[in-house]
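Chemist: Sequence:
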Amino acid sequence: MSLRINQNSMAESSSLYLNRTRAKLETSISRLSSGLRILNAGDDAAGLAISETMRRQIRGLDRAGLNAQDGISMVQTAEGALGETQSIIQRMRELALASANDTLTGDDRMEIQNEVDELKKQIESISNSTEFNTKRLLNGNRAALTSSGSESVKAIARGAVSESGSYTISLATMSGGVAQLQQSALFSAKDGGSVSGATKLNEISAFYNESGFMLDSSRNIYLTGNGKSAAVSVNGSMTLNDLASSFQNALVSGLGLTGSSASFMAGSDGKSGVMNLISGLRGQYGNFGIAGNQTIADALGFTVARQSVNSQVSVNISDSYGNSKNVVTSENVVSGLLEGIDVKFTSQAAQISGVGGIVDGVKLDANQNFTLDLGDDELTITVAAGDWSLEGIVRSINSQAEDAGSAIKGKGVSATAVDGNLRISYNPTDPGADGTFAVKSSNAAKLGIVDNNYTGFADGNIDAESRVRGVSKYNADADSFAVKFAVDGMAITAYQTVSAATAADLKTVSDLTSEINAKLGSSAKFEVINDALTFTDYQIGNNGTSNSVLTLTMTASSTLAAELKDKFGLEAGTAYGSGDSTANLKIADSASRFQLGAGSGDMMRLAIGDMSLSGLGLDNLDLTTAENSQKALDSIDKALARVSSERARMGSYMNRLGYSINVAQNTSFNLSAAESRIRDADMAAEVINLAKYQLLNEAGSSVFNQANIIPKSIMKLLGSE
1 MSLRINQNSM AESSSLYLNR TRAKLETSIS RLSSGLRILN AGDDAAGLAI SETMRRQIRG
61 LDRAGLNAQD GISMVQTAEG ALGETQSIIQ RMRELALASA NDTLTGDDRM EIQNEVDELK
121 KQIESISNST EFNTKRLLNG NRAALTSSGS ESVKAIARGA VSESGSYTIS LATMSGGVAQ
181 LQQSALFSAK DGGSVSGATK LNEISAFYNE SGFMLDSSRN IYLTGNGKSA AVSVNGSMTL
241 NDLASSFQNA LVSGLGLTGS SASFMAGSDG KSGVMNLISG LRGQYGNFGI AGNQTIADAL
301 GFTVARQSVN SQVSVNISDS YGNSKNVVTS ENVVSGLLEG IDVKFTSQAA QISGVGGIVD
361 GVKLDANQNF TLDLGDDELT ITVAAGDWSL EGIVRSINSQ AEDAGSAIKG KGVSATAVDG
421 NLRISYNPTD PGADGTFAVK SSNAAKLGIV DNNYTGFADG NIDAESRVRG VSKYNADADS
481 FAVKFAVDGM AITAYQTVSA ATAADLKTVS DLTSEINAKL GSSAKFEVIN DALTFTDYQI
541 GNNGTSNSVL TLTMTASSTL AAELKDKFGL EAGTAYGSGD STANLKIADS ASRFQLGAGS
601 GDMMRLAIGD MSLSGLGLDN LDLTTAENSQ KALDSIDKAL ARVSSERARM GSYMNRLGYS
661 INVAQNTSFN LSAAESRIRD ADMAAEVINL AKYQLLNEAG SSVFNQANII PKSIMKLLGS
721 E
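Quick note: the sequence shown, position 64, residue 64 per our numbering, numbers continuous.
Among the hints, a few may not be true.
[Said to hold, decoys possible] Simulated crosslink set (DSS-like; lysine-lysine; CA at most 30 Å straight-line):
#	residue 1	residue 2
1	154	325
2	325	121
3	121	692
4	692	228
5	638	120
6	200	190
7	24	692
[Unchecked claim] Computed spacing ranges between beta-carbons, pair by pair:
#	residue 1	residue 2	range
8	582	200	42 to 52 Å
9	582	163	19 to 29 Å
10	267	319	33 to 43 Å
Treat the hints as calculated values from the structure; they're not laboratory data.
Beta carbons are placed, not taken as given, at the ideal position from N, Cα and C, and that holds for glycine.
Take these sequences, add in the hints, and give me the full structure.
Modeler: In structure tokens:
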């Protein structure tokens, strides 16, 4: 056996293994004390990377679950508020049904309207004040932020929008709307004398009953409409003109129906007259009601003499890329142009387009005879002097053609009214007829019939089936002529010089309208409708009805203007449009987004539509008359359906969020188990390792001590011991 002094290999070997044992013992003790298998990257580099990825996902899922819980709370807040809105609308429906019953007086309906007005305020308050963490939920901002360049066109957020951007809305009225006209009872003097605008109410028989004069003190009558109400004070010292002025001020200033008019019109005998109230807003949104003191309301006797009709409007939307979409509607709200957005506009927002020709009536000052050349025969048609509708002229021509049919070979003449134009056709039934057809009399021009071409109203030379378009050229010797208008025999100072047009050119009539209308004042009004002059407003007196015919006569400094005479006629208010024809809309997606997963794209988009009065279509709710109450029921039912739909959608949101929480919890649980297997210590195995390394440590220490003693035997060899 060899012995060495400089190297004690046995001691070094035992020391090496003892250090390793102690390192493992230290690791085992650390794992047992921390519960973790991986204390640093060196313990398990790959395992650490894998477990950190899992840990990131676990923590993200836990946060996503909390986000979903917050989302449920937000939706529950909105849905609870909408539940109250729905209860309010149900109450409105009850009130509308009550108001539609004719057992109620005007005063009763005013009380109903007062309650409805308060309920409307509460709906608006709920829409504006329902918040979650300072975010408003029901005003449409949880779906889209919208802005419009026009007060008459706006966007209503209904749900999530597909794309943010700028859009151009173009409106054109395809057929004109009609404004509501309410007409009073016939007013006559108590003493049987004459009646005029200067006559006081205490001189009118309608304001007296068995108890005497009913206006011994002032009484209030209320006008309601456009979502507002306005009081009109009525007293005996007022004149009829004063009363008309008060009504007009209430319509314009009180209800905001700009352009409304009210006037008293005496009858032709001067012994009686009526008061006309005409809304300045065409269509149903210009409707107004009269309520209040029932006795005074009965004395005034206002009834709807002309029902309102909505314009038919073409709505076009285009984006910045040139893409466009078009919808034609008679309502003031359009859906389907943009996903999640309805476009709402007033009927005043559209320019007139697409209504042409003579409208409803003409007046002939004298009999008009014209001859139809049928080749072998001629047929003379006489249209007698007086007021005529187009349908009446058609019936007269067809009757005369039928009566003469057995006496001529050319049986087959027929007249029709198409798009407001008189059309005469000839389809011979006699085999011997040669089919020739022509109009021979110049008088036919007054009815717009001249050999397959229209004169007076023509687009150059057009065939008989084309629509009347404008004022065509006249074969004038002079360079220009002047036209003076008169309405129903009342001269109106409105002169306009019309320059003669060149051959086949169309003299646009839009150049004539502004100056003439300014000089016509309130007596009459005409507009350019599809390049044709058409009267759109006229005060109807007590000698007329809602279907009365406007008589228009013209005199000219040149006989060249005579062809214009009797070319116009209408039922008042057949077409009207004003305001912006285009508007710019900006739409920005603002739907709520909930982070429901651990990744960047794990989002849920949630949109809550506009539940304000305007968004629900209840801003103009009027229950002051039985008729308006019936119409209000339709609006209320639509609002109820909209709220129910929104609440149902919120219920689906809550269910989805609940399922999302379940999925997040399940995924988090399984990931946590997997991450634990990688990162956490196996305590049982570590206890075994601890005992093992403790024994090895004790054995290693003992061996190390023995290894250090062995070299002492060298001293014995040296004899030192």
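Chemist: Hint by hint, note whether the structure agrees.
Modeler: Hints, verified against the model:
Restraint check for residue 154 and residue 325: the C-alpha separation of about 17 Å stays at or below 30 Å, so the hint holds. Between residue 325 and residue 121 the alpha-carbon distance is near 36 Å, which puts this suggested pair outside the 30 Å criterion. With a C-alpha separation of about 81 Å, the suggested pair residue 121 and residue 692 falls outside the 30 Å cut-off, and the hint is violated. For the hint pairing residue 692 with residue 228, the CA-to-CA distance comes to about 92 Å; that exceeds 30 Å, so the pair is violated.
Of the supplied pair hints, the one linking residue 638 and residue 120 holds, its CA atoms being roughly 15 Å apart against a limit of 30 Å. A threshold of 30 Å between alpha carbons decides the hint, and for residue 200 with residue 190 the separation of about 11 Å falls inside it, so the pair holds. Between residue 24 and residue 692 the CA atoms are separated by roughly 10 Å; this keeps the pair inside 30 Å, and the hint holds. Remark: the range hint 42 to 52 Å for residue 582 to residue 200 is upheld by a beta-carbon distance near 49 Å.
The given range of 19 to 29 Å is respected by residue 582 and residue 163, whose C-beta atoms sit roughly 21 Å from each other. Our hint of 33 to 43 Å for residue 267 and residue 319 is violated, since their Cβ atoms are close to 57 Å apart.
Hint compliance for this structure: hints 2, 3, 4, 10 are not met, and every other hint is.
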